[in-house]
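Quick note, the sequences are listed as chains A and B, same order.
Residue numbers for the first sequence follow our numbering, so the first one is 1 and each next one is one higher.
Residue numbers for the second sequence follow our numbering, so the first one is 1 and each next one is one higher.
What the hints contain is simulated information worked out from the structure, not anything from laboratory work.
Predicted model, so just to flag it, every value in this text is computed and none were measured.
We put the CB at the ideal spot given by N, CA and C, even for glycine.
Some hints could be false.
Straight-line alpha carbon distances no greater than 30 Å define the calculated DSSO-like cross-link-like pairs of lysine-lysine that follow [said to hold, decoys possible]:
#1 B:K155 x B:K109
#2 B:K155 x A:K24
#3 A:K24 x B:K109
#4 B:K244 x A:K24
#5 A:K24 x B:K110
#6 B:K110 x A:K266
Computed footprint of chain A on chain B; a stretch qualifies when at least three of its residues, placed anywhere within it, have a C-beta under 8 Å from a C-beta of chain A [as the list claims (entries may be wrong)]:
#7 87-98
#8 242-249
#9 254-266
Simulated restraints on C-beta separations [to be verified]:
#10 B:K129 x A:N40: 50 to 60 Å
#11 B:D86 x A:M259: 47 to 57 Å
#12 A:A128 x B:A196: 29 to 39 Å
#13 B:D187 x A:F20: 52 to 62 Å
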Amino acid sequence: MNHVVRRELGASYAFVERNFNLVKRYWGWEVVWLAYSIANSLAVTFIGAGASEISGQPIDTQYMVMYLLIGTLVWHFLSVVFSIVSDMIAWERWEGTIEYTLMAPISRFTHLVGTTLFSLVYGVFHTAVILFTVVVFFDLDLSRANLAAATVILVLGSVSFIGLGIMAAILPLLFPERGAQMTNVVQAVLLLVSGIYYPVSVLPTWIRPFSYLSPATYVLEGMRQAVLEGATLGSLWASIWPLLVAGVVSVPLGVRLFMVAERYAKREGRLAREG
Amino acid sequence: MTTNALALDVRHVRKVFEKERGRHWPWHRKKDVQQVVALDDVSLRVAPREIYGILGPNGSGKSTLIRCISTLLLPDAGTIRVFGHDVVREERIVKELINRVSVEASFFKKLSPMENLMFGARLYGLDPKVARHEIVEVLTRLGLEKAAIFRPMEKMSRGMQQKVAVARALLTRPRLLLLDEPTTGLDPRSKREVQAFVRTLRDRYDTTVVLTTHDMDEAERLCDRIAIIDRGRIVAEGTLAELKAIARRNGHEPTLEDVFMALTGRALSDEQENLGVGGVA
Chain A
1 MNHVVRRELG ASYAFVERNF NLVKRYWGWE VVWLAYSIAN SLAVTFIGAG
51 ASEISGQPID TQYMVMYLLI GTLVWHFLSV VFSIVSDMIA WERWEGTIEY
101 TLMAPISRFT HLVGTTLFSL VYGVFHTAVI LFTVVVFFDL DLSRANLAAA
151 TVILVLGSVS FIGLGIMAAI LPLLFPERGA QMTNVVQAVL LLVSGIYYPV
201 SVLPTWIRPF SYLSPATYVL EGMRQAVLEG ATLGSLWASI WPLLVAGVVS
251 VPLGVRLFMV AERYAKREGR LAREG
Chain B
1 MTTNALALDV RHVRKVFEKE RGRHWPWHRK KDVQQVVALD DVSLRVAPRE
51 IYGILGPNGS GKSTLIRCIS TLLLPDAGTI RVFGHDVVRE ERIVKELINR
101 VSVEASFFKK LSPMENLMFG ARLYGLDPKV ARHEIVEVLT RLGLEKAAIF
151 RPMEKMSRGM QQKVAVARAL LTRPRLLLLD EPTTGLDPRS KREVQAFVRT
201 LRDRYDTTVV LTTHDMDEAE RLCDRIAIID RGRIVAEGTL AELKAIARRN
251 GHEPTLEDVF MALTGRALSD EQENLGVGGV A
């Protein structure tokens, strides 16, 4: 392997290793966070189980449970990926290491690849633990599910969320005091417009155009069709092509914008101030 | 000294920060922008293997200059070259040549020295096996117990943390080491140990060192040449003897404090007490 590529891969791995070391050191917090996530997912899914009693109408409870479960799991995974990528600068600010990390002789792309790899591994592990726990509480019928197609949709969705996360990471770079909180606003808007727990058709007309801009909308639509109706990849093209476009555009655009923002922060002296 | 032979060549560097005051809401049109000149036409040259001191009070522009050299700040005007490479246009090459220890030891405090230093080693492309061995060797040489190398840094004293910071910089074998007030806040013993280590760095690895300080004794003890910086301007530069000659009167042997007073009309300690009035880190 080319020396330069090997070195950049090694530097990317530095972020993966460091972040796993942090997970290990903050294990108490990780247990609490996992318990919170499980409780949250269960609470949402129980809404489906109780839908018939709530409305007093006969409802396909199994379908409702699966509908909400897909929403909560997919959102958990995507929001974990988004949070880790978008917090990469905020995290360094909290710890006071931002200048040291940005002074290292590595490309920003390498830095982002390392953070992204960690976010994916962490997100998959976290979501899998939640899924296995939820399975104990609910009798899930996956007989019709096309899990391969669902996986493809999730992978494509992850790429565009990585791109969005990189763009959101610019906020803590430019706004040392409040940038991290701004990324939470981005996440909340995505949650609102993407049809995580309801079809986007119930949203007011003026909000709906925003849902078409969110990659999560297409991930959810595709996942639900694949898992609930066993849709094949061919029939999911309406969800796949927007995700392909979003991924191809958002990642390079995110990296480019991040580099422009880094240069601006260096000109204005915004790296030194701690949030 | 030819330009190509220089470890550091700073020419006419200027950096101005703008501070907004009195604008709390976006619809308030009137902005009160205060300009703070952090560096004003700063020029200096440092030869390889030299230990070069930049002495000045807090807010005089020392750290701003170090940040510009470290590629963390872009100068508004002027050029900075490290071993002939421009810090703005050849940023990546410069980053390979330098490392920096700042006044606050920047670490993930929950991680151990080993975990923090391995992160640094991987970023700088060092062989992980070799790095692991060297980390233990350097840290024990700096006085850390072996067990402490694997415990979270939050339990360490500031002096110990600063030694780990010095070790991290040493690990990457920088040709130019930037020390930004590395001993501020350390107890006298830790201070002496870090100072001894700086000398060892130069003697053993031919490292060029640029050291900022407001500690007169430290500057006298360590530096081959010293620049005195005040309000963003270099007001004098030379060997200790040359600087003392500026303030020598009636056979009285002046201190660096006397030199600073003779050049600026103020005491260095007075400046530090008046911190925060338009000061720049």
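Tested hints:
About 8 Å separates the Cα atoms of K155 (chain B) and K109 (chain B), which keeps this hinted pair within 30 Å; it holds. In summary, the hint linking K155 (chain B) to K24 (chain A) is supported, as the alpha carbons are separated by about 17 Å, within the 30 Å threshold. Taking the CA atoms of K24 (chain A) and K109 (chain B), the gap is about 13 Å. The hint holds against a cut of 30 Å. For the hint pairing K244 (chain B) with K24 (chain A), the CA-to-CA distance comes to about 55 Å; that exceeds 30 Å, so the pair is violated.
Restraint check for K24 (chain A) and K110 (chain B): satisfied, since their Cα atoms lie roughly 10 Å apart, inside the 30 Å limit. The suggested pairing of K110 (chain B) with K266 (chain A) holds, with an alpha-carbon distance near 28 Å, which does not exceed 30 Å. Note: the region 87-98 of chain B has 4 residues with beta-carbon separation from chain A under 8 Å; the three-residue rule is met and the coverage holds. Only residues whose beta carbon comes within less than 8 Å of a beta carbon in chain A count, and the region 242-249 of chain B has 0; fewer than three means the coverage is violated.
Using a Cβ-Cβ cut-off of 8 Å, 0 residues of the region 254-266 of chain B lie near chain A, which falls short of the minimum of three, so the contact claim is violated. In this structure, K129 (chain B) and N40 (chain A) break the distance hint of 50 to 60 Å, their C-beta atoms being roughly 43 Å apart. For D86 (chain B) and M259 (chain A), the hinted distance range of 47 to 57 Å is not satisfied, since their beta carbons lie about 18 Å from each other. The hinted range of 29 to 39 Å is not satisfied by A128 (chain A) and A196 (chain B), whose Cβ atoms lie roughly 52 Å apart.
The hint said 52 to 62 Å for the Cβ distance between D187 (chain B) and F20 (chain A), and at roughly 35 Å that hint is violated.
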